[in-house]
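Start from the sequences and build out the full structure, keeping to the hints where you can.
Protein chains in written order, with our numbering: chain A, 1 to 260; chain B, 261 to 568.
FYI, nobody ran anything at the bench for these hints, they're computed from the structure. Hints are supplied without guarantee of correctness; some may be wrong.
Computed list of chain B residues with no C-beta within reach of chain A, every gap over 10 Å [as the list claims (entries may be wrong)]: (1) E335; (2) A440; (3) R489; (4) H540.
Where chain B lies over chain A, by a calculated footprint (3+ residues, C-beta under 8 Å) [said to hold, decoys possible]: (5) 18-26; (6) 109-123.
Derived DEER-like restraints, expressed as beta-carbon distance ranges [claimed, not checked]: (7) A:A243 - B:G284: 49 to 55 Å; (8) B:A440 - A:A183: 50 to 56 Å; (9) A:R113 - B:G284: 27 to 33 Å; (10) A:E178 - B:I471: 38 to 44 Å; (11) B:G381 - A:L234: 38 to 44 Å; (12) A:A183 - B:D264: 46 to 52 Å; (13) A:L46 - B:G422: 41 to 47 Å; (14) A:E178 - B:G474: 45 to 51 Å; (15) A:R113 - B:A440: 33 to 39 Å; (16) B:N301 - A:E178: 25 to 31 Å.
Note that CB positions come from ideal geometry on N, CA and C, so glycine has one too.
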Amino acid sequence: MSAGTFTPGPGAAPVSRMILAQTALETRMLLRNGEQLLLTVIIPALLLVLFSAVDIITVPAGEDGTGTSVDFLAPGILALAVMSTAFTGQAIATGFDRRYGVLKRLGASPLPRWALMAAKTLSVLVTEVLQIALLTVIALALGWSPHGNPLSVLALVLLGTAAFSGLGLLMAGTLKAEMTLAAANLVFLLLLVGGGVIVPLEKFPDAVRSVLELLPISALSDGLRAVLQDGAALPWGEAAVLAGWAVLGLGAAARLFRWE
Amino acid sequence: MSNDPAVEIRGLVKRYGPRNAVDGLDLTVRRASVTAVLGPNGAGKTTTVETCEGYRRPDAGTVRVLGLDPVAQAERLRPRIGVMLQSGGVYSGARAVEMLRHMAKLYAHPLDVDPLVERLGLGGCGRTPYRRLSGGQQQRLALAMAVVGRPELVFLDEPTAGLDPQARRATWDLVRELRADGVTVVLTTHHMDEAEQLADEVAIVDAGRVIAHGSPEQLCRGGAENTLRFTGRPALDLGSLLKALPDGTEAAELTAGVYRVTGDVHPQLLATVASWCAQHGVMPDSLSVERHTLEDVFLELTGKELRA
Numbered sequence: 001m002s003a004g005t006f007t008p009g010p011g012a013a014p015v016s017r018m019i020l021a022q023t024a025l026e027t028r029m030l031l032r033n034g035e036q037l038l039l040t041v042i043i044p045a046l047l048l049v050l051f052s053a054v055d056i057i058t059v060p061a062g063e064d065g066t067g068t069s070v071d072f073l074a075p076g077i078l079a080l081a082v083m084s085t086a087f088t089g090q091a092i093a094t095g096f097d098r099r100y101g102v103l104k105r106l107g108a109s110p111l112p113r114w115a116l117m118a119a120k121t122l123s124v125l126v127t128e129v130l131q132i133a134l135l136t137v138i139a140l141a142l143g144w145s146p147h148g149n150p151l152s153v154l155a156l157v158l159l160g161t162a163a164f165s166g167l168g169l170l171m172a173g174t175l176k177a178e179m180t181l182a183a184a185n186l187v188f189l190l191l192l193v194g195g196g197v198i199v200p201l202e203k204f205p206d207a208v209r210s211v212l213e214l215l216p217i218s219a220l221s222d223g224l225r226a227v228l229q230d231g232a233a234l235p236w237g238e239a240a241v242l243a244g245w246a247v248l249g250l251g252a253a254a255r256l257f258r259w260e
Numbered sequence: 261m262s263n264d265p266a267v268e269i270r271g272l273v274k275r276y277g278p279r280n281a282v283d284g285l286d287l288t289v290r291r292a293s294v295t296a297v298l299g300p301n302g303a304g305k306t307t308t309v310e311t312c313e314g315y316r317r318p319d320a321g322t323v324r325v326l327g328l329d330p331v332a333q334a335e336r337l338r339p340r341i342g343v344m345l346q347s348g349g350v351y352s353g354a355r356a357v358e359m360l361r362h363m364a365k366l367y368a369h370p371l372d373v374d375p376l377v378e379r380l381g382l383g384g385c386g387r388t389p390y391r392r393l394s395g396g397q398q399q400r401l402a403l404a405m406a407v408v409g410r411p412e413l414v415f416l417d418e419p420t421a422g423l424d425p426q427a428r429r430a431t432w433d434l435v436r437e438l439r440a441d442g443v444t445v446v447l448t449t450h451h452m453d454e455a456e457q458l459a460d461e462v463a464i465v466d467a468g469r470v471i472a473h474g475s476p477e478q479l480c481r482g483g484a485e486n487t488l489r490f491t492g493r494p495a496l497d498l499g500s501l502l503k504a505l506p507d508g509t510e511a512a513e514l515t516a517g518v519y520r521v522t523g524d525v526h527p528q529l530l531a532t533v534a535s536w537c538a539q540h541g542v543m544p545d546s547l548s549v550e551r552h553t554l555e556d557v558f559l560e561l562t563g564k565e566l567r568a
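Pasting the structure below:
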């Protein structure tokens, strides 16, 4: 390096380029992390294959009475995939970013905070597209015959992503990284069992069921099931529950998130 | 414009709970200079620097960096400064070169990454994730990230902490080059030699205030006096020596046969002491002039007791 190398030439890159670069990096970090892949890809895929092939839990058939167990399972597994990335994965990754001072350091770069959050959201969406593509292929191979309007599915997935991202960021921005790691995994497991993903909510007593139905995971899995299994247009009740969680979660995260 | 100071801090106060981490600190940093903020642990160095970087909002006083308010005008300031945190700042799974390339993409006219990687010896990090890099590699990556955007001003918080001597020299060389190319550098350190080697200006900070400020030469000259030390027979009569020496000079026997003369030590004083020894038949086994180092000044100003 010769004299004049460091002569100042300051300036920020165009914000679109920064967001693109940040999204690419965040996505690479997500996909490189083995534990994250276990959570976001391997567990949903295994559950889908296992519960379709083995009759462990009797699942209700579709309203026309012809559905197979994969028709019940696939929407639930898609909901699980959204939760694993938007909530669990994002909470753990962001918690450790905070702990390693990444958020602090990027805070002194030209990248504005809103652009960082936009990039994180885009990277979650990119990951979800990859997950949904993979799980759809597996489900189709298992004999899945989806119904309904793809736009309704998209709307539910986006609402679910907003709801889970808000809760994940709230956790990552307020708890210590280790605490987030433990709590996010525990919540994942509890919601997997009690959120209508593989165990139909009809199996729970009525009182418990009416509470469980208000969980974001139940709203997403039942909403997706209403569209994909029964061909409903847009299930407004479930969509409203997800929107409520999104407003609560994102609002609380915006107020309480600590960057350092 | 370029005659305005790069950093101007007036009466900065920053409280953490009941304690004032920074307590009325003033500091002015000239452009294209290297300023070392020197002080014991807990003196308020990092808090001061982080206030300049826009991380902390002052409880009182004003801070201007490149003429801007670091909190209110952060979006305009951030592209123009480079920041090296004391630790961390990188994704635990990111590779060194990957992270540096990413930082480069956030700036309009970044440095070429490859020569910088080679220059700081980061090429050997390969595919190793950040969390498994050595402390020295992590430090060098943080330094590279601070300069890659071609900033006007860089803040380096303890840039050589934990580095081996070679890496330390390499960092010093880079700081000198930054200065030569017109970049303003503010660094914190508790290595006196680092401040002496690199800095145009040294600000000694203690208990949240600047207690001394000046070039290393000024600081060594002022305040502390120099000493001349010699050995001879025990119990010499120093009265006649003092008469021969200029006013304001002191002489004392430290331990049996070890004498110290303190004052303005110059060649004439040396000659006076030597001829007094000759007159009294004293053969000094050793005679040495001790110039005060920044370390002496530092210890004199901040006290010698260890701090928590």
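Structure-based check of all given hints:
The beta carbon of E335 (chain B) is not kept farther than 10 Å from every beta carbon of chain A, the shortest such distance being approximately 6 Å. With a least CB separation of 7 Å from chain A, A440 (chain B) falls inside the 10 Å interface cut-off, contrary to its annotation. No Cβ of chain A approaches the Cβ of R489 (chain B) within 10 Å, the least distance being about 44 Å, so the stated non-interface status holds. H540 (chain B), annotated as away from the interface, keeps every beta carbon of chain A farther than 10 Å; the closest lies near 58 Å.
Counting residues of the region 18-26 of chain A whose C-beta lies closer than 8 Å to any C-beta of chain B gives 4; at least three are required, and the coverage claim holds. With a cut-off of 8 Å between beta carbons, the region 109-123 of chain A has 4 residues touching chain B; three or more are needed, and the interface restraint holds. With their beta carbons about 51 Å apart, A243 (chain A) and G284 (chain B) fall inside the hinted range of 49 to 55 Å. At about 52 Å, the beta-carbon gap between A440 (chain B) and A183 (chain A) stays in the expected band of 50 to 56 Å.
Between R113 (chain A) and G284 (chain B) the beta carbon distance is about 31 Å. The supplied range of 27 to 33 Å therefore holds. A hinted range of 38 to 44 Å holds for the C-beta pair E178 (chain A) and I471 (chain B), which are about 40 Å apart. In this structure the hint that G381 (chain B) and L234 (chain A) lie 38 to 44 Å apart at CB is violated, the actual value being about 58 Å. At about 50 Å, the beta-carbon gap between A183 (chain A) and D264 (chain B) stays in the expected band of 46 to 52 Å.
For the hinted restraint 41 to 47 Å between L46 (chain A) and G422 (chain B), the CB-CB distance of approximately 44 Å keeps it satisfied. Checked against the hint of 45 to 51 Å, the C-beta distance between E178 (chain A) and G474 (chain B) comes to roughly 47 Å, which is consistent with it. Taking the beta carbon of each, R113 (chain A) and A440 (chain B) are about 35 Å apart, inside 33 to 39 Å as hinted. For N301 (chain B) paired with E178 (chain A), a C-beta distance near 27 Å keeps the hint of 25 to 31 Å intact.
Checked against the numbered hints given earlier, this structure breaks hints 1, 2 and 11; the rest are met.
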